[in-house]
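Listed below are the residues making up each chain.
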Amino acid sequence: QKEVEQDPGPLSVPEGAIVSLNCTYSNSAFQYFMWYRQYSRKGPELLMYTYSSGNKEDGRFTAQVDKSSKYISLFIRDSQPSDSATYLCAMRPGGSYIPTFGRGTSLIVHP
Amino acid sequence: EADIYQTPRYLVIGTGKKITLECSQTMGHDKMYWYQQDPGMELHLIHYSYGVNSTEKGDLSSESTVSRIRTEHFPLTLESARPSHTSQYLCASSRTGALGTEAFFGQGTRLTVV
Numbered sequence: 001q002k003e004v005e006q007d008p009g010p011l012s013v014p015e016g017a018i019v020s021l022n023c024t025y026s027n028s029a030f031q032y033f034m035w036y037r038q039y040s041r042k043g044p045e046l047l048m049y050t051y052s053s054g055n056k057e058d059g060r061f062t063a064q065v066d067k068s069s070k071y072i073s074l075f076i077r078d079s080q081p082s083d084s085a086t087y088l089c090a091m092r093p094g095g096s097y098i099p100t101f102g103r104g105t106s107l108i109v110h111p
Numbered sequence: 001e002a003d004i005y006q007t008p009r010y011l012v013i014g015t016g017k018k019i020t021l022e023c024s025q026t027m028g029h030d031k032m033y034w035y036q037q038d039p040g041m042e043l044h045l046i047h048y049s050y051g052v053n054s055t056e057k058g059d060l061s062s063e064s065t066v067s068r069i070r071t072e073h074f075p076l077t078l079e080s081a082r083p084s085h086t087s088q089y090l091c092a093s094s095r096t097g098a099l100g101t102e103a104f105f106g107q108g109t110r111l112t113v114v
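The listed protein sequences correspond, in order, to chains Y and A.
If you number the first sequence the way the working numbering does, the last residue is 111 and the count never jumps.
If you number the second sequence the way the working numbering does, the last residue is 114 and the count never jumps.
Bound-form chain A, shown alone:
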């Protein structure tokens, strides 16, 4: 079982609030990712990091920001939540290498903005 943890699992928050979704992994993986997933739809990459102090935006435009100060920690922040941010957010990690480097996912955070 993958050792990657997301908190909270569920969050209901009002419009305009600032929120941080936490993601930590204990596998020593250098690469970490945030995906957004709506019901019945593909996973869309919103942010990724290839190491400490390295962050990039993904394919899906997002108003969120991320930081990578420690290898094991990759939090995602929304400065001002809106109902359009309602979705499931999935964190993943992987390691550098040739094979066996595929991503492991956390259990997800289901965010509802009211």
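Extracted from the complex, chain Y is given alone in its bound form:
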């Protein structure tokens, strides 16, 4: 079993929809949680990071962490075609700087 599980998709939604992207994990030592966005043939771009459980909002993006369920989510409101990309979750323990990545979810927002 992989430490971080993420459905690869693709997830196809109409413009304006609310998107929910999710990851589950098995390592209870993970304390830092990140979401990266990766456009085709580009490097991953850090979108959001959170520490421990709770919510964090940044514009149209909300990151949510539920450590009791070992489940993290990224919500995108009012999705745009420019949001079409692969979204990777990543997480790491408190004593390590090296994250473990999910395989990414491909998101397609069609006009």
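One or more of the hints may lead you astray.
Stated by the list, open to error - Quick list of in silico lysine to aspartate or glutamate cross-link-like pairs, EDC-like style, CA-CA up to 16 Å:
#, chain 1, residue 1, chain 2, residue 2
1, A, Lys31, A, Glu56
2, Y, Lys42, Y, Asp83
3, Y, Lys2, A, Asp59
4, A, Lys31, A, Glu72
5, A, Lys17, A, Glu79
6, Y, Lys42, A, Asp38
7, A, Lys18, A, Asp59
8, Y, Lys42, A, Asp3
9, Y, Lys70, Y, Glu3
Unchecked claim - Cβ pair distances, simulated, as ranges:
#, chain 1, residue 1, chain 2, residue 2, range
10, A, His73, Y, Lys42, 20 to 30 Å
11, Y, Asp66, A, Ser84, 24 to 34 Å
12, Y, Arg77, A, Glu22, 35 to 45 Å
13, Y, Asn22, A, Gly97, 27 to 37 Å
14, Y, Asn27, A, Gly97, 15 to 25 Å
15, Y, Pro10, A, Arg82, 26 to 36 Å
These are computed hints drawn from the structure, not numbers from a lab.
Here a beta-carbon is modelled for each residue, glycine too, at the ideal position from N, C-alpha and C.
We have chain Y already, so just place chain A on it with the hints.
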């Protein structure tokens, strides 16, 4: 936007050639990383460095080597390229601290060995 640069962006090279993938960052980050990414798959850590003259192998076995002589520079070398090395190579950097220390990535080098 992250100030981390990788060259070349694309490289097609013959089997047996020696290649060096360059990575530089201007953010003063002490930590640097090399990841390998195949289409639709996770990023796999192949090398990392926590500072000058410090390098370690990552989780994924790799025939490449790295060096860290300067803080800003972290090149990756393949002594003899093989078709199995065909992949995307991503360089990243981060700083030491409590929060806000997550990794920033370069644009990647897409390597094809023929």
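Going down the list of hints, with the structure as the test:
1. A:Lys31 to A:Glu56: 11 Å, holds
2. Y:Lys42 to Y:Asp83: This hinted pair holds, its Cα atoms lying about 14 Å apart.
3. Y:Lys2 to A:Asp59: 13 Å, holds
4. A:Lys31 to A:Glu72: 10 Å, holds
5. A:Lys17 to A:Glu79: 7 Å, holds
6. Y:Lys42 to A:Asp38: 13 Å, holds
7. A:Lys18 to A:Asp59: Violated, at roughly 23 Å.
8. Y:Lys42 to A:Asp3: Between Lys42 of chain Y and Asp3 of chain A the Cα gap is close to 14 Å, so the pair holds against 16 Å.
9. Y:Lys70 to Y:Glu3: Since the Cα atoms of Lys70 of chain Y and Glu3 of chain Y sit roughly 11 Å apart, the hinted pair holds (cutoff 16 Å).
10. A:His73 to Y:Lys42: 20 to 30 Å: At roughly 22 Å between Cβ atoms, Lys42 of chain Y and His73 of chain A fall inside 20 to 30 Å, so the hint holds.
11. Y:Asp66 to A:Ser84: 24 to 34 Å: 40 Å, violated
12. Y:Arg77 to A:Glu22: 35 to 45 Å: 39 Å, holds
13. Y:Asn22 to A:Gly97: 27 to 37 Å: 28 Å, holds
14. Y:Asn27 to A:Gly97: 15 to 25 Å: 22 Å, holds
15. Y:Pro10 to A:Arg82: 26 to 36 Å: 32 Å, holds
Of the numbered hints stated above, those contradicted by the structure are hints 7 and 11, listed in ascending order.
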